[in-house]
Amino acid sequence: MLNVIMITRLYAMYRRSRKVLITLVVTILAVSIINVTIGGITNKNSSAVVFILSGSYVCFPSFAGVGVLLVGITWITGIAWEVLALCFAVWIAVKRIRELRQSGGGILGNLFKVLIKTHVIYFTSFVATSCFQIGYFSPTLSANPYSLETQIYLGFSQIFMLLQTAVLGPRLILSVREFNATLVADTDSDGGTGMNSIAFRERVHITTGDGV
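If you count the sequence shown from 1, you need to add 3 to reach our numbering.
Keep in mind that the hints were calculated from the coordinates and are not lab data. A hint or two may mislead.
[Said to hold, decoys possible] The calculated lysine-lysine pairs, modelled on DSSO-like cross-linking and capped at a C-alpha distance of 30 angstroms, are: (1) K98 <-> K116; (2) K120 <-> K98; (3) K120 <-> K22.
Note that the structure is a prediction, hence the values are computed from the model and not measured.
Let the hints inform the model, and build the full structure from the sequences given.
Written as structure tokens, this is what we have:
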């Protein structure tokens, strides 16, 4: 879902360019195919460890050897996709802001600033989450995956992932809606002032005419 939002934003920023849309769709499809293939291979080579906690059976997945490497590759491909999306966003934002400065278009320039700001924040959170996930497969942590230190590490990783998907992901849409709402409110405020001024002038004109 977040990838669809990202592609839609970039498609709009590039003024509905079909070349950009095709490039982004092909890239995300390739990344998805790679991740699905790696996921299938990993599941075949994975095992499970069963623990009894308070009378309940709890199953934990266990990866070893090639499986650890393959899971790390899925996060690396995700980082590559986010880097590509960030490069697309920064490039068009810088280009459009320069053009708008020359033509004096302030509103669109502010919109592009909002878009690139939220994109950079989302990208930073994704990189942080990915680094946590990749770091889990280090020899130190993967050697004892059920220790207290490793579980705390995984807890922070889950917090970053939840923050990315539940907070920063929706902000990619909400930031644009907030900017649009602010713009409409400012426009209505200016329009209301103008209408009051026009109405006041009409009343003065009518009153003067009656006096004459």
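For this session: Go through the numbered hints given earlier and state which of them the structure violates, listing their numbers in rising order.
Result: none
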